[in-house]
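Asks: So the sequence lines, in the order shown, correspond to chains L and Z.
Read in my numbering, the first sequence has 276 at position 276, and its numbers run on one by one without any break.
Read in my numbering, the second sequence has 133 at position 133, and its numbers run on one by one without any break.
Check before you lean on any hint, since a few could be wrong.
Unchecked claim - Over the 10 Å line for every Cβ pair with chain Z, so calculated as not near, a few chain L residues:
id, residue
1, D5
2, P88
3, A131
4, T188
5, E249
6, R288
7, G297
8, Y428
9, K432
10, I435
11, G463
12, R471
13, A475
14, V486
To be verified - With a Cα cut of at most 20 Å, we get these calculated SDA-like pairs of lysine to any residue:
id, chain 1, residue 1, chain 2, residue 2
15, L, K225, Z, Y24
16, L, K225, Z, I94
17, L, K225, Z, V118
18, L, K225, Z, L121
In short, the hints are calculated from the structure, not lab data.
Ideal placement from N, C-alpha and C gives every residue a C-beta, glycine not left out.
For reference, the chains in residue letters:
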Amino acid sequence: MEIVDQILQGMSLYFTMKAVLMVAIGVAAGILVGAIPGISGVMATAILVPFSFFMPPTEGIPFLLGLHKGALFGDSIPAILINTPGQPAAAATALDGYPLAQQGKAKSAIQMALVSSTIGDTFSDIVLILAALPLALLALKFGPAEFFALMVMGLTIIGGITGSSAAKGILSALIGLMIGLIGFDAVTGAERYTFGIPSLQGGIGTIPLMIGLFAISEVLMQAEKKNSILSVRPKTAHLKGGKNLELKELRFSARTILRSSILGTIIGAIPGTGAAIATFIGYGAAKRASKKPEEFGKGSLEGVAASEAANSAVAGADLIPTLTLGIPGSATAAILMGAFLAQGLRPGPDLFESSGSTMYAIFALLLIGNPIMMVIGWILTPVFARVVTIRQALLVPGVLILCLMGVYVFQGSLGDIKLALIVGVFGYFLRKVDIPLAPLVIAFIITPIAERSMKQALILSDGDFSVFITRPISAGFLLLAVAILVFGFRRNPTRSQNDHDS
Amino acid sequence: MKFRTTEIATGVSFLIFSLVYVFYITPNFVTNPLNDASMQTMAWTLRPEALPSLNIGVFVVFSLVMTYQAIRSRNETLLDLNIRSFGKVIFVVIWSFIYTFLLPIFGFLLISPVFMAVLILAFGLRNWMFVLGVSILMPVFLDTVFFQTFQIILPEGALWK
Numbered sequence: 001m002e003i004v005d006q007i008l009q010g011m012s013l014y015f016t017m018k019a020v021l022m023v024a025i026g027v028a029a030g031i032l033v034g035a036i037p038g039i040s041g042v043m044a045t046a047i048l049v050p051f052s053f054f055m056p057p058t059e060g061i062p063f064l065l066g067l068h069k070g071a072l073f074g075d076s077i078p079a080i081l082i083n084t085p086g087q088p089a090a091a092a093t094a095l096d097g098y099p100l101a102q103q104g105k106a107k108s109a110i111q112m113a114l115v116s117s118t119i120g121d122t123f124s125d126i127v128l129i130l131a132a133l134p135l136a137l138l139a140l141k142f143g144p145a146e147f148f149a150l151m152v153m154g155l156t157i158i159g160g161i162t163g164s165s166a167a168k169g170i171l172s173a174l175i176g177l178m179i180g181l182i183g184f185d186a187v188t189g190a191e192r193y194t195f196g197i198p199s200l201q202g203g204i205g206t207i208p209l210m211i212g213l214f215a216i217s218e219v220l221m222q223a224e225k226k227n228s229i230l231s232v233r234p235k236t237a238h239l240k241g242g243k244n245l246e247l248k249e250l251r252f253s254a255r256t257i258l259r260s261s262i263l264g265t266i267i268g269a270i271p272g273t274g275a276a277i278a279t280f281i282g283y284g285a286a287k288r289a290s291k292k293p294e295e296f297g298k299g300s301l302e303g304v305a306a307s308e309a310a311n312s313a314v315a316g317a318d319l320i321p322t323l324t325l326g327i328p329g330s331a332t333a334a335i336l337m338g339a340f341l342a343q344g345l346r347p348g349p350d351l352f353e354s355s356g357s358t359m360y361a362i363f364a365l366l367l368i369g370n371p372i373m374m375v376i377g378w379i380l381t382p383v384f385a386r387v388v389t390i391r392q393a394l395l396v397p398g399v400l401i402l403c404l405m406g407v408y409v410f411q412g413s414l415g416d417i418k419l420a421l422i423v424g425v426f427g428y429f430l431r432k433v434d435i436p437l438a439p440l441v442i443a444f445i446i447t448p449i450a451e452r453s454m455k456q457a458l459i460l461s462d463g464d465f466s467v468f469i470t471r472p473i474s475a476g477f478l479l480l481a482v483a484i485l486v487f488g489f490r491r492n493p494t495r496s497q498n499d500h501d502s
Numbered sequence: 001m002k003f004r005t006t007e008i009a010t011g012v013s014f015l016i017f018s019l020v021y022v023f024y025i026t027p028n029f030v031t032n033p034l035n036d037a038s039m040q041t042m043a044w045t046l047r048p049e050a051l052p053s054l055n056i057g058v059f060v061v062f063s064l065v066m067t068y069q070a071i072r073s074r075n076e077t078l079l080d081l082n083i084r085s086f087g088k089v090i091f092v093v094i095w096s097f098i099y100t101f102l103l104p105i106f107g108f109l110l111i112s113p114v115f116m117a118v119l120i121l122a123f124g125l126r127n128w129m130f131v132l133g134v135s136i137l138m139p140v141f142l143d144t145v146f147f148q149t150f151q152i153i154l155p156e157g158a159l160w161k
């Protein structure tokens with residue numbers, strides 16, 4: 001009965017015309033910014049998140065959910081039209097989408113991407129809804145020692161699997177932890193690494209960090225390009241006059257979409273694996289099972305469907321660890337978690353107890369967001385697609401000023417802009433040395449929760465560290481973390497060997 | 001023997017930073033509000049420097065691992081820096097900092113078009129209609145959106161007050 005009450009309460013609070021409108025605005029904004037060449041879904045989310053802080057939770061949360069969906073699909077537009085995927089996950093879409101565009105089938109390719117994205121996303125949202133409550137109830141049985149060990153395991157997965165080497169991924173997570181430790185210690189009240197700067201007492205702001213790391217560093221990467229590339233209008237395929245996606249084409253790809261949705265959901269639920277892995281596994285599986293494998297890479301609608309369904313299925317699935325355990329499954333989920341925290345929503349096992357009604361409303365909004373994305377994408381894609389024709393010499397400064405003002409409006413502080421610029425330069429160097437950014441931001445977000453759990457466990461054991469290995473579940477998590485680390489390092493020599501061989 | 005020089009340089013930088021973190025930053029910038037007697041009775045694992053110390057210990061280990069892997073590897077250097085491109089990046093960073101310092105003096109609506117126009121020109125676009133149009137319209141659009149939608153006033157500039 002309590003659940004029914006919470007669902008009804010959630011519906012009355014969040015399921016309003018205004019909330020649905022905010023989902024639609026979020027979807028449209030996400031597609032529009034995600035469609036800008038060189039801007040990934042993560043970056044689009046980081047740039048637009050500050051807008052949610054000026055909305056009440058009943059509007060801000062729906063906006064964020066719409067944004068999350070729209071930004072993922074938006075990536076496929078430049079991938080198909082100008083062969084410029086915003087992120088590695090969209091690279092598989094470009095493999096078939098761009099040849100299709102060159103054959104004059106850009107419109108049907110984008111529509112296939114849209115339909116597959118919507119189905120993949122809906123599938124993973126349903127799995128999220130079914131899995132969230134049981135998982136949260138299980139996690140509620142954990143004590144602080146188990147919870148800390150779970151966080152260590154989560155970070156190890158994220159660091160060990162993301163990026164080109166396990167060492168770099170783990171180093172990235174450790175840097176995130178280091179940044180997360182700046183400010184007051186929650187247990188003793190000690191001031192740590194503030195260097196006497198009062199604004200650092202509350203820690204490094206989430207928004208300057210996210211925007212600096214993902215958006216400003218990307219702007220700097222774009223600025224590196226030759227002026228002859230930046231100042232020229234990209235050659236793009238046109239949507240005008242192209243034929244619409246036919247039902248038989250969709251029916252032909254139905255099994256592929258379902259397969260990729262399942263694969264994307266399973267892979268996306270594992271923290272740190274991310275959309276890129278899911279997309280390429282989905283694409284590979286589709287090619288193996290296809291009746292026309294020879295068309296893959298040369299302009300196959302099935303190929304576009306495979307990669308986009310898997311890519312979008314990750315969107316719902318990576319919210320499973322985020323909402324139920326408080327461990328963001330990806331960089332985008334980490335940004336969303338930061339935004340949820342700012343909206344007064346604390347993701348984690350007790351979220352169903354503390355904000356049950358909001359949780360059920362989120363689920364409902366996630367589901368309703370999919371048909372909204374379908375409608376907006378279908379009608380407005382020709383308009384959004386025009387953004388890919390804008391010269392980057394105009395877009396990059398525009399994005400930079402949007403980033404800087406996004407940081408400023410968060411607290412009305414010019415200091416935050418300077419901080420974001422410093423973080424941006426740092427992020428640029430990390431990118432240059434191939435250190436992944438996602439583990440850093442995820443570790444940063446979970447540091448306060450992880451430290452609180454660690455200290456609580458240690459207080460209960462009089463400061464004895466063995467508490468983490470004498471409790472079976474905690475020891476199990478830590479053992480699993482070690483196993484994942486070993487796996488992470490084992491995959492590297494193989495990769496290096498392949499590099500040498502090639 | 002070819003080294004992955006960038007990774008080695010990064011690993012060495014991380015190790016040097018770790019030394020500074022352990023021997024200078026942590027002793028000087030972790031200030032405990034508890035008195036000495038309380039500190040004496042507190043287990044080390046509960047002290048504010050416990051997690052940072054553990055973290056930096058693991059950081060040193062993985063920095064060494066990365067450096068070792070790089071030395072063992074026969075791959076070419078990873079970093080591909082073109083001086084001209086890198087110069088443009090430095091220019092964007094410095095110009096952004098200058099913009100941040102000028103913002104509270106001249107205000108958003110006055111300094112932002114200048115900021116944008118300089119960047120667009122630096123990126124090689126010479127079509128003055130585009131340069132001026134976008135440089136003026138973008139800040140006006142942002143100011144309107146922030147003010148009309150969220151009632152947020154972007155920096156107005158001390159010069160005009």
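Asks: Confirm or reject each hint.
Replies: Evaluation of the provided hints:
1. Every CB of chain Z is more than 10 Å from the CB of D5(L) (nearest about 34 Å), matching its label as outside the interface.
2. Once the 10 Å rule is applied to beta carbons, P88(L) is consistent with being away from chain Z; the minimum gap is 17 Å.
3. A cut-off of 10 Å between C-beta atoms confirms that A131(L) is not in contact with chain Z; the least separation is 31 Å.
4. A beta-carbon of chain Z is positioned within 10 Å of the beta-carbon of T188(L); the least distance is around 5 Å.
5. Annotated as non-interface, E249(L) keeps its C-beta farther than 10 Å from every C-beta of chain Z; the closest such distance is 39 Å.
6. With a least CB separation of 31 Å from chain Z, R288(L) remains clear of the 10 Å interface cut-off, as annotated.
7. The Cβ of G297(L) sits about 27 Å from the closest Cβ of chain Z, beyond the 10 Å cut-off, so the non-interface label holds.
8. A beta-carbon of chain Z is positioned within 10 Å of the beta-carbon of Y428(L); the least distance is around 7 Å.
9. Separation of K432(L) from chain Z is inadequate, the least Cβ-Cβ distance of about 6 Å not exceeding the 10 Å criterion.
10. Distance check on I435(L): its Cβ comes as close as 8 Å (rounded) to a Cβ of chain Z, failing to clear the 10 Å threshold; non-interface status is violated.
11. Not every C-beta of chain Z lies more than 10 Å from that of G463(L), the closest at about 2 Å, which undercuts listing it as non-interface.
12. The beta carbon of R471(L) sits about 16 Å from the closest Cβ of chain Z, which is more than 10 Å, so the claim that it is off the interface holds.
13. No Cβ of chain Z comes within 10 Å of the Cβ of A475(L); the nearest lies about 17 Å off, and the non-interface call holds.
14. The beta carbon of V486(L) sits about 13 Å from the closest Cβ of chain Z, which is more than 10 Å, so the claim that it is off the interface holds.
15. Taken as a hint, the K225(L) and Y24(Z) pair is broken in the structure, with Cα atoms around 39 Å apart against an allowance of 20 Å.
16. Simply put, K225(L) and I94(Z) have alpha-carbon atoms about 18 Å apart, close enough for the 20 Å limit, and the pair holds.
17. Under the criterion of a C-alpha separation no larger than 20 Å, the hint pairing K225(L) with V118(Z) is consistent with the structure, at around 17 Å.
18. Only pairs whose Cα atoms come within 20 Å are accepted, and K225(L) paired with L121(Z) is accepted, the gap being roughly 14 Å.
When the structure is compared with the earlier hints, violations turn up for hints 4, 8, 9, 10, 11 and 15 and for no others.
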